[in-house]
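**Student:** Sequence:
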Amino acid sequence: MVLIGVALVAMSISGTAIALPNIGQDLSVSGSPLNWVVAGYNLAFAAITLVAGAAADRVGRRRIFIISAAVFSAGFILTASSQSILILDAARIISGVGGAGVMASGGALLASNYEGAARNRAFAFMGTMAGVGIAIGPTIVGALISATGWRGSFVAFAVVGVLVVCGASRLNESRADEGRADWVGSVLFVIVLSAFMLVLLEGPELGWGHPLVWGSLAVGTAAFIAFSFVQRHSAAPILAPELVGHRAFMGWCLATLTTSIGFLGALVFLPTYLQTAAGSTPVKAGLTMLLLTAPVLVAPIVAVTLVNRGVSARLLILVALTLVVTGNFGLLLLGPENTTALVAAPLLLIGIGMGTSFGITDGQAMSLVPARLVGTAAGFLNTLRGAAEALVIAVFSALLFGFLASQLTDSGHASEVAAGNLGSRNGSDSQVEVEAFTTAWHLTQTVIGAVCLVLSIVVAVLLFGRTRRHLT
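Take 1 as the starting number for the sequence shown in the working numbering and just add one per residue.
To be clear, the hints were calculated from the coordinates, so they are not data collected in a lab.
A hint or two may mislead.
Claimed, not checked - Calculated lysine to any residue pairs in the SDA-like style (CA-CA distance at most 20 Å, straight line):
no. : residue 1 : residue 2
1   : LYS284    : PRO336
2   : LYS284    : ALA345
3   : LYS284    : VAL187
4   : LYS284    : GLY220
As the list claims (entries may be wrong) - Just the calculated beta-carbon pair ranges, DEER-fashion:
no. : residue 1 : residue 2 : range
5   : VAL311    : VAL187    : 39 to 45 Å
6   : ASN308    : GLN25     : 45 to 51 Å
7   : THR340    : ARG170    : 42 to 48 Å
8   : THR409    : VAL311    : 48 to 54 Å
Heads up, the beta-carbon is just placed ideally off N, CA and C, and yes, glycines get one too.
Please put together the full structure from these sequences, using the hints given.
**Tutor:** Right, dumping it as structure tokens:
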């Protein structure tokens with residue numbers, strides 16, 4: 001049930017982007033409200049994962065898993081029945097909370113039941129199942145949309161989630177022997193991430209000088225200062241200082257963050273380009289996305305097999321990061337004609353790099369962690385992934401919108417084009433919109449590739465620097 005739950009959560013992350021153009025047309029919405037359909041889920045996932053991991057250690061890992069799967073399903077039911085974008089965005093946040101608990105408690109359950117090579121294999125299978133979800137998510141959702149509409153696709157997720165809840169009752173319970181939850185730190189962490197996400201998502205459209213943007217920035221900064229103080233003085237901090245202070249552990253965490261940054265931009269925003277600028281159907285767009293997602297299905301097992309046979313995990317992750325960086329710069333070839341052929345190789349490189357990271361980063365990082373911190377560490381790893389996903393969506397959206405607005409000289413027009421509504425304005429030239437969309441994509445992708453390159457260098461320094469082997 002743990003692995004099925006992981007696959008379902010991963011599928012919901014990768015598949016939802018396919019539905020965005022249909023949701024936008026059905027509810028007559030574009031811009032940041034539409035972006036919150038994906039960003040809200042990932043924000044909740046990022047903000048709650050660390051909290052859920054710490055809670056799982058203390059309350060019970062199976063209990064948190066079951067509750068989280070139920071919340072996940074309830075959110076999808078509400079999403080499918082939503083008649084306004086505000087309710088839909090709220091429902092997506094609910095599902096994100098549930099998905100965070102499933103991933104954090106699921107990883108903790110595996111870590112508490114396996115050791116050594118068996119633990120490496122367990123996390124590789126977890127990575128594989130996440131890869132299954134990511135790989136087939138766009139294709140499955142595209143087919144469901146064509147058959148039942150976007151609402152039907154969300155109902156399907158809710159049904160499978162209910163089955164996971166029913167099956168999870170057979171799992172063995174486990175928890176840490178001591179400790180209590182740091183609820184003050186948990187609340188502050190959620191406020192920090194939520195405030196900064198609001199700044200990044202709303203700033204481009206409202207204007208960076210808007211009171212809401214400045215107010216959110218002030219709240220986020222104040223909450224961050226308070227969070228840092230609380231974590232230093234808490235008896236049971238949700239962000240354990242010994243985790244943050246360990247170079248190798250942070251190196252592996254930063255590696256998974258980097259591959260997520262390089263993967264998520266294409267995963268979330270490319271389907272809209274494929275369906276609008278390139279004229280693909282939802283099914284065809286989903287099939288094209290397999291070039292990015294299918295390698296994530298295979299690479300985790302290949303990677304962990306190589307590590308178990310003596311290949312250096314540190315060397316392997318550097319290869320993975322190189323592939324991700326190369327693939328992101330390769331997406332500068334993107335264009336409306338022969339799109340699939342142009343982006344095939346870059347998407348494959350990014351997918352292989354991401355899959356390799358899935359297979360080894362969790363196992364290597366968790367091998368450094370004592371038993372009492374496995375839930376917190378699992379939550380921390382998935383929080384970094386979730387935070388990367390949420391922030392990449394926000395930053396990618398802001399960059400894409402900003403570059404479009406500079407070319408189209410109309411923020412409202414840019415918002416519609418970014419949402420895939422080309423030719424929606426009277427007298428608008430679709431060819432000009434496609435060219436502006438493509439150029440904005442290229443500029444945005446250049447920034448993402450550069451960020452991944454810099455972070456990869458930092459990872460190399462952390463992993464190959466001198467450090468103690470294990471946390472105590």
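**Student:** Now, for every hint given, state plainly whether the structure supports it.
**Tutor:** For each hint, the structure was consulted:
This hinted pair checks out: LYS284 and PRO336 have alpha carbons roughly 14 Å apart, not beyond 20 Å. Taking the CA atoms of LYS284 and ALA345, the gap is about 18 Å. The hint holds against a cut of 20 Å. Taking the CA atoms of LYS284 and VAL187, the gap is about 42 Å. The hint is violated against a cut of 20 Å. Annotation: proposed proximity of LYS284 to GLY220 is violated, straight-line Cα distance about 41 Å (limit 20 Å).
Distance hint for VAL311 and VAL187: a CB-CB separation of about 43 Å, consistent with the stated range 39 to 45 Å. At about 49 Å, the CB distance of ASN308 to GLN25 agrees with the hint of 45 to 51 Å. Here the CB-CB span from THR340 to ARG170 is close to 43 Å, well matched to the stated 42 to 48 Å. In this structure, THR409 and VAL311 meet the distance hint of 48 to 54 Å, their C-beta atoms being roughly 53 Å apart.
Violated hints for the displayed structure, listed by number in ascending order: 3 and 4.
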